[in-house]
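Residue numbers (numbering that gives the first Met the number 0), protein chains in the order written: chain A, 0 to 339; chain B, 0 to 339; chain C, 0 to 339; chain D, 0 to 339.
Keep in mind the hints are simulated off the structure, nothing from the lab.
Each hint should be verified, as a subset may be incorrect.
The list makes no distinction among identical chains, and a pair is therefore deemed to hold if it is satisfied within one copy or across any two copies.
Claimed, not checked - Taking lysine to any residue and the SDA-like style, the derived pairs with C-alpha atoms no more than 20 Å apart in a straight line are:
id: 1; residue 1: Lys36; residue 2: Gln106
id: 2; residue 1: Lys199; residue 2: Arg272
id: 3; residue 1: Lys199; residue 2: Pro102
id: 4; residue 1: Lys41; residue 2: Gly214
id: 5; residue 1: Lys267; residue 2: Met39
id: 6; residue 1: Lys199; residue 2: Arg42
id: 7; residue 1: Lys199; residue 2: Gly161
id: 8; residue 1: Lys38; residue 2: Thr164
id: 9; residue 1: Lys38; residue 2: Val111
id: 10; residue 1: Lys199; residue 2: Ile27
id: 11; residue 1: Lys136; residue 2: Asp65
id: 12; residue 1: Lys199; residue 2: Glu292
id: 13; residue 1: Lys265; residue 2: Arg184
id: 14; residue 1: Lys265; residue 2: Arg42
id: 15; residue 1: Lys267; residue 2: Ser183
id: 16; residue 1: Lys54; residue 2: Thr164
id: 17; residue 1: Lys159; residue 2: Gly214
id: 18; residue 1: Lys267; residue 2: Glu243
id: 19; residue 1: Lys136; residue 2: Val250
id: 20; residue 1: Lys267; residue 2: Asp52
id: 21; residue 1: Lys36; residue 2: Val250
id: 22; residue 1: Lys199; residue 2: Glu244
id: 23; residue 1: Lys38; residue 2: Ile270
id: 24; residue 1: Lys159; residue 2: Leu238
id: 25; residue 1: Lys181; residue 2: Tyr323
All of these numbers come straight from a predicted model, not from anything done at the bench.
Letter by letter, the chains look like this.
Protein chains: 4
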Amino acid sequence: MRVGIVGGSGYTGGELVRLLLMHPEVEISIITSESYKGKMVKRVHPNLRGVTDLKFSGMDELDSYDLLCCGLPHGMTMERMPEFLEHADRVIDLSGDFRLRNPEDYQTWYGVEHPNPELLSEAVYGIPELHREEIRKARLVSGAGCLATSAILGLHPLAKEGLITGTAVIDSKVGSSATGAKSSRSTHHPERSGVVRSYKPTMHRHTAEMEQELGVDAAFSPHAVEMVRGILSTCHIFLDEPLEEKDVWGVYRSAYGDEPFIRIVKEKSGIYRYPEPKLLIGSNYCDIGFEREGRNNRLVVMSAIDNLMKGAAGQAVQCLNVMYGFEETLGLETIGLHPI
Amino acid sequence: MRVGIVGGSGYTGGELVRLLLMHPEVEISIITSESYKGKMVKRVHPNLRGVTDLKFSGMDELDSYDLLCCGLPHGMTMERMPEFLEHADRVIDLSGDFRLRNPEDYQTWYGVEHPNPELLSEAVYGIPELHREEIRKARLVSGAGCLATSAILGLHPLAKEGLITGTAVIDSKVGSSATGAKSSRSTHHPERSGVVRSYKPTMHRHTAEMEQELGVDAAFSPHAVEMVRGILSTCHIFLDEPLEEKDVWGVYRSAYGDEPFIRIVKEKSGIYRYPEPKLLIGSNYCDIGFEREGRNNRLVVMSAIDNLMKGAAGQAVQCLNVMYGFEETLGLETIGLHPI
Amino acid sequence: MRVGIVGGSGYTGGELVRLLLMHPEVEISIITSESYKGKMVKRVHPNLRGVTDLKFSGMDELDSYDLLCCGLPHGMTMERMPEFLEHADRVIDLSGDFRLRNPEDYQTWYGVEHPNPELLSEAVYGIPELHREEIRKARLVSGAGCLATSAILGLHPLAKEGLITGTAVIDSKVGSSATGAKSSRSTHHPERSGVVRSYKPTMHRHTAEMEQELGVDAAFSPHAVEMVRGILSTCHIFLDEPLEEKDVWGVYRSAYGDEPFIRIVKEKSGIYRYPEPKLLIGSNYCDIGFEREGRNNRLVVMSAIDNLMKGAAGQAVQCLNVMYGFEETLGLETIGLHPI
Amino acid sequence: MRVGIVGGSGYTGGELVRLLLMHPEVEISIITSESYKGKMVKRVHPNLRGVTDLKFSGMDELDSYDLLCCGLPHGMTMERMPEFLEHADRVIDLSGDFRLRNPEDYQTWYGVEHPNPELLSEAVYGIPELHREEIRKARLVSGAGCLATSAILGLHPLAKEGLITGTAVIDSKVGSSATGAKSSRSTHHPERSGVVRSYKPTMHRHTAEMEQELGVDAAFSPHAVEMVRGILSTCHIFLDEPLEEKDVWGVYRSAYGDEPFIRIVKEKSGIYRYPEPKLLIGSNYCDIGFEREGRNNRLVVMSAIDNLMKGAAGQAVQCLNVMYGFEETLGLETIGLHPI
């Protein structure tokens, strides 16, 4: 199938190029970048040296494709989506521009009026574990936010069973690649190295996605920590009823028993007893673990992903596989590295 | 004054040696280590090269001192405290052995019967901001746990005003030096580098100190992240009444207005708007910040320290200064480094 | 083909398991580990969760295989090789035990008398770019040292042309995984984090391999730096004749023009103008670059690899492919990740 | 004494402010920054919160001072020095603008014609270990380059004795703070984290300083590695005569025996046997070690510093102490931290 990538110079775009180059059913027909138009893709993504000699095109060179994947910065796809839909039968958008169903949420969380609200109701939120059937038929799939993906996958089984009655506290730790490829004072190495930076302790935009998909109240605070790729979300839930750990096992098993990209990680010994993003670099897995504190009836759920894989480009390829009826793991079989 | 250090080969012991060597009123009379007995202190603490030619002694060489500081591993000081009190008028213990007032808490949290329960009631919990007057007169001061210090200092003003009515969720991020100087598989560099490791998501021992000192229910989960020194504790509190941020300012200012080692960090712009442990390496400050989320009446309190300074040796020297009537900042004036 | 892995619990062993699980022509028939016998392989290599349910066997359970790959610690394979050769038609050894052709070199560099000197003359040094034809026919292939591989591949084209007449200064920077899976004081995270540690500035054992394979005098000094995987070797060569850069290009192109795993990296602009190990994590490439300093007729050659891939397990699989007539890149197509 | 700091918003300027705030004989009378004019110094250097309420002034507000310290970017001080000398009796310049004695060297290495060549002959190169007496009397002291300082201090004793007859190969590893406070693609955390980046393998400007001060041919290649502060320079020297290690000891002892900021680090065991920049963060020491390789008569000299301390601001304060007859260690007594 012929796939075009609009906005391929960022980190998500680059990861998508890497994955689609390895995908046996996909031919990348165009990669656009307004800033790097005419330059070799491998100049921007140096890991692709020796692998591809593709060049960046301009957006004005778009032709017709089976699928367009959009990796533009937030706010740019909102306006242009109707145009993109003329160039392709189906679109996967990796920005935040089509994640929320309710146009008013864009006012509240993004401070903008959405220019294409009718497309919002059509768009499907791109987490196959929650919306597989809708994705299969969707014309427009909206990639989920990276922090949102980790929290939603971690809590979805509990939320679905109505076990989260109070507010879920979600405390996330995230690597620097989630900020994107643009440098700034806050990502300058001497300032970013070794931090534990609470950069948006309240009102982070991904909260809206979490509440939309889980149907529960979310109190979310992300922290930038010293790593490039990876997210660990620690979710603190206070249960109404004293669920035993084996019951929690049951809930997760029934929700995720057949999921190819979910692993329940909960071991009695060893140093990787709980989910660890370090083990997932380059992999599309979401590792989920939990532990119950009996004294206060708290359930701690930990959920780890690679933000550029299951949190962005990997999940987009998973959606592509669902949309086109390929084996869901096709092109995503990479095993994580250890140690790394 | 003549000070002896019992157990000086670990990280806390080494930091104490460094600080006391710079303290104008202190003479270090002995440093013990059973493993390194007879060896130069600078062989174990290579930062002290060119600074001291002291050697480690054995515990059997203990004489009489004004003050003994104990840096032994947890569980060793419990038994020996009566003996140490014969060698010195006063003792500061940096282990966890005398932190809890209630002997039963040692059963619950440490799984041991405390051999000297009568000393537990005498011991004073070594956070001057909470117990300055008792520390001044104390014979036995027990250094606070590093994770506990960050959480307690962060929440104390709110707890004192009765503003924490529900369970406080405390999600901490901590550097590798908190594990101590002993190597293991979990601290092996290829395994520890770049992790976000939830190593004890429930029932961590420091919970007991937090609940004792704050008088509130604490739901605590620490995470090992990529740094050597430093702790950030993020505390999620749900307020009963809709406190405005200026009211919260008032609460913190009234509690800490004159404290030499507390800084309230809350700025509108810049990349260090909230507390950041990276800025505190080598410093005795505890930086505290907060932000309110109106929609769910959550207050996020962030508290940062250097675990070996305000979280251990620095706070011990602060206690020493209080105990002996010195200026509280004496020997602790080091300004943090930036960038680092 | 049926492959057995002897000594599969270390980092090289684990990487080999990961690669062979993805290799379409290989079936892993046994993985031994005396320490973890009976335990699941994924308990030791947690990246393999969900990928394999193999268990470790004891060495006493060895049967017959097409190929045995040995990942035992240095010094253990020397004695046992005759035994291993009874269990398999061919052997690839990843330790240092069969790398040197001259038995006396084992005295000089390893301080031991080699127990099987006759096998030394049979063993082929496992760098396909230098010994492809011998490897094709070899019964015993000895994996090259990781630091040696980077230096040898970097300098081989120059050495072959007789352009290195004086001593080559080789200054290498290496990640912590090269030390192996065993923890110690020197790899304890607080001690290893952020170092630039010159741990063996002279007489490092890999010098012997470099001199053997290049036929030049090598002055080698490795440094442990802050990374888990990766090696950059910077080689300083003083040329007798004033070779132009385009001549150097010619030398490298003629030596490596058709090599699937060598990339010449030398760009005029950008931040990855020269070889960078960070781009190679998980990849089998060796990136080589150079720059000439006219004023002193120095040629600086930089050579980067992933120590566990091209420096160990990846190169072993490359040798396997050569030995059995498979496509040389089979199972090694992974593209490096960026950013990481 | 009244000291002014011109260009105080960069990393060197900030470090100078930190040090001079702790210096008992210095009063900081002005700190200029054109970009941050009118803003609190602690907003740019957040480690100074609670320590100073100074604000940045503009350069047009300069008055008269005993000493001006210039921390402007390279190229800006060249022109303005005559003006600065009207505002102060003496000047210490921390840029590269007055380091080279020969105006033609500015053509060769910096590509500019120096506008004030007469001041070049007056300026003294600011390494007290080499030029103490000239610094004492100098009107204009030029701070040495950070990489140059490490190499020069490492090799000076050998050079002085005429023991370096061939070209000295100097392979340095340096942290990200040496690049300065300005962010760019190359310092963007995802791109800079974990690199071993050879960014200027030949013709680096600091070569000129090394050759000027040592009087030997230098073949210099720096590498950016994963740390914020610190430099290790590994110098490979081929000796004409087979010097024994005890002779080398003698050479270093006779050159540096009384130096307060030089430590010879060479131990038989332990993990810090050789100089390690990690131990020097925040300290003004230069640690030097060496090892001889008999087989090729190579001497490996390792030299470690904190680039912002002994490599910049610390050494400037040391020069200040020399210039004004203070104890040379005044305000520089900070002991390095361990672990860090």
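Hints, one by one, checked against the model:
In the homo-oligomer, the alpha carbons of Lys36 and Gln106 never lie at most 20 Å apart, since the shortest distance is 33 Å inside one protomer and 37 Å across protomers. Only between protomers do Lys199 and Arg272 lie at most 20 Å apart by alpha-carbon distance; the minimum there is 10 Å, versus 29 Å within a single protomer. In this homomeric assembly, Lys199 and Pro102 never come within 20 Å of each other (Cα to Cα): the closest approach is 23 Å inside a single copy and 41 Å across copies. In this assembly of identical chains, the alpha carbons of Lys41 and Gly214 never lie at most 20 Å apart, being 42 Å within a copy and 36 Å across copies at closest.
In this assembly of identical chains, Lys267 and Met39 lie within 20 Å of each other by CA distance solely across copies; the values are 14 Å between and 49 Å within a copy. In this assembly of identical chains, Lys199 and Arg42 lie within 20 Å of each other by CA distance solely across copies; the values are 19 Å between and 33 Å within a copy. Neither within a single protomer nor between protomers do Lys199 and Gly161 lie at most 20 Å apart by alpha-carbon distance, with minima of 29 Å and 27 Å respectively. For the homomeric pair Lys38 and Thr164, neither the shortest alpha-carbon distance inside one copy (53 Å) nor that between copies (41 Å) is at most 20 Å.
With identical chains, the CA atoms of Lys38 and Val111 are never at most 20 Å apart, being 34 Å at best within one copy and 32 Å at best between copies. Taking CA atoms no more than 20 Å apart as the test, Lys199 paired with Ile27 passes in neither setting, with 37 Å inside one copy and 36 Å between copies. Taking identical chains as interchangeable, the C-alpha atoms of Lys136 and Asp65 lie at most 20 Å apart only when both belong to the same chain, with a minimum of 14 Å there against 48 Å between chains. Taking the shortest Cα distances, Lys199 and Glu292 sit within 20 Å of each other only across copies (11 Å), while inside one copy they are farther apart (28 Å).
In this assembly of identical chains, Lys265 and Arg184 lie within 20 Å of each other by CA distance solely across copies; the values are 19 Å between and 39 Å within a copy. Taking the shortest Cα distances, Lys265 and Arg42 sit within 20 Å of each other only across copies (12 Å), while inside one copy they are farther apart (42 Å). Taking the shortest Cα distances, Lys267 and Ser183 sit within 20 Å of each other only across copies (18 Å), while inside one copy they are farther apart (43 Å). Proximity of Lys54 to Thr164 under the C-alpha cut-off of 20 Å is found in neither arrangement, the shortest distances being 52 Å within a copy and 42 Å between copies.
With identical chains, the CA atoms of Lys159 and Gly214 are at most 20 Å apart within one copy only, with a shortest distance of 9 Å there and 35 Å across copies. With identical chains, the CA atoms of Lys267 and Glu243 are at most 20 Å apart within one copy only, with a shortest distance of 16 Å there and 44 Å across copies. In this assembly of identical chains, Lys136 and Val250 lie within 20 Å of each other by CA distance neither inside one copy nor across copies; the values are 28 Å within and 55 Å between. For a Cα distance limit of 20 Å, the shortest separation of Lys267 from Asp52 across copies, 18 Å, qualifies, whereas the shortest one inside one copy, 48 Å, does not.
Neither within a single protomer nor between protomers do Lys36 and Val250 lie at most 20 Å apart by alpha-carbon distance, with minima of 49 Å and 33 Å respectively. In this assembly of identical chains, Lys199 and Glu244 lie within 20 Å of each other by CA distance solely across copies; the values are 16 Å between and 33 Å within a copy. With identical chains, the CA atoms of Lys38 and Ile270 are at most 20 Å apart between copies only, with a shortest distance of 15 Å across copies and 45 Å within one. Taking identical chains as interchangeable, the C-alpha atoms of Lys159 and Leu238 lie at most 20 Å apart only when both belong to the same chain, with a minimum of 14 Å there against 28 Å between chains.
In this assembly of identical chains, the alpha carbons of Lys181 and Tyr323 never lie at most 20 Å apart, being 33 Å within a copy and 47 Å across copies at closest.
Going through the hint list in order, the structure does not satisfy hints 1, 3, 4, 7, 8, 9, 10, 16, 19, 21, 25.
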